[in-house]
Amino acid sequence: MKGKVFLVGDNIDTDVIAPGGYLNSIQQLKEHCMEGVYPGLSKKVEHGDVLIVGKNFKCGSSREQTVIILKELGFGLILAKSFARIFFRNAVNQALPLGIADVASVVKDGELIEYSINNRTLSLRDGRIITFAGLQGPLKEIFQAEGLINFVKKKLALQT
Amino acid sequence: MESLLPQVAAPFSPGNVHDVSQVEGVKIDQAYIGNCANGTLTDLKQAAEILRGRTVHEGVKLIVVPATRRIYLEALQLGIIQDLIKAGAVISPSTCSACAGLHLGVLGKGEVAIANTNRNFRGRMGHPDSKVYLANSFLVAAAAVEGRIVNPEVAL
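Here the protein sequences line up with chains D and L, keeping their order.
Going by this note's numbering, the first sequence opens with residue 1, and the numbers climb by one from there.
Going by this note's numbering, the second sequence opens with residue 1, and the numbers climb by one from there.
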């Protein structure tokens, strides 16, 4: 996969990603996603783009809408130095592809970057290939089932 | 502990904590007491202790949100709500309200609020260029009276 890099900093929180005033509409949340730190993001993002962030991504309120809008906006991968706990699980439950790697300082906003979810790799400008940490065990199974609801449905189907 | 001054979290993180002396004098447009976690009867009592016999500063909105209907009723029975209303507070029903930027007190561009709530990230209570300071209920009530952030132990 190839996608444009969208680069934002540390401690990006729920209120910035999904501002409370627009909670009654997923469409409006998408339009205003991260406008406080990255104006115009929703108009620029295309399917397969990569969001690269620093530490503690999506701290603050839980709001599952943050995962839904990041997915619907088209992000094919979110790479962070670390994720806040609730977001991490919400993302797994909705099968939003995540990876853990400290690469915010070695990529440029807007650059085109190649990556592979299956191999967990990111190809940098200088030719280096970085391997990022990803899901393992049951979390990986939930992701591969395309989310928790599908995962549970499959389990239930197996039982009957 | 005796030497510890009241603490205030400045924008845009609840972790951005300072002694009140470092943010004293910051002018506010709105004071907000309440929400699910911080509209306890204790918070309302503390606010009333400051506001009894005083009035909210001209140009400042004071919004109080009892956390639950039970707390709202208890505060009414104790006369706390009456004291707050006499001082100029607007009492909101027990909902998320402006704490999450939803309604009744959503901040406009450049507006500054002090709140006893738990989050002050960018855009939390409204416009991305608004600011929220977090403090205890005594400090929020005192700021509502003075129109700026003060240490009530000194200023009132």
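Hints in this document: simulated from the structure, not taken from any laboratory.
Using N, Cα and C, we set each Cβ at its ideal position, and we do this for glycine too.
There may be inaccurate statements among the hints.
Derived pair list, reagent style SDA-like, types lysine to any residue, alpha-carbon separation capped at 20 Å [unchecked claim]: (1) D:30 to D:47; (2) L:109 to D:74; (3) D:81 to L:13.
Which bits of chain D does chain L cover? Going by a derived footprint, with three or more residues having C-beta under 8 Å, they are [stated by the list, open to error]: (4) 73-87; (5) 103-114; (6) 147-160.
Per the computed footprint, the stretches of chain L lying under chain D, defined by three or more beta-carbons under 8 Å from a beta-carbon of chain D, are [stated by the list, open to error]: (7) 111-122; (8) 140-152.
Hint-by-hint comparison with the structure:
no., hint, verdict
1, D:30 to D:47, "14 Å, holds"
2, L:109 to D:74, "30 Å, violated"
3, D:81 to L:13, "19 Å, holds"
4, 73-87, "violated (count 0)"
5, 103-114, "violated (count 0)"
6, 147-160, "violated (count 0)"
7, 111-122, "holds (count 3)"
8, 140-152, "violated (count 0)"
Violation of the numbered hints given earlier is confined to hints 2, 4, 5, 6 and 8; the remaining hints are satisfied by the structure.
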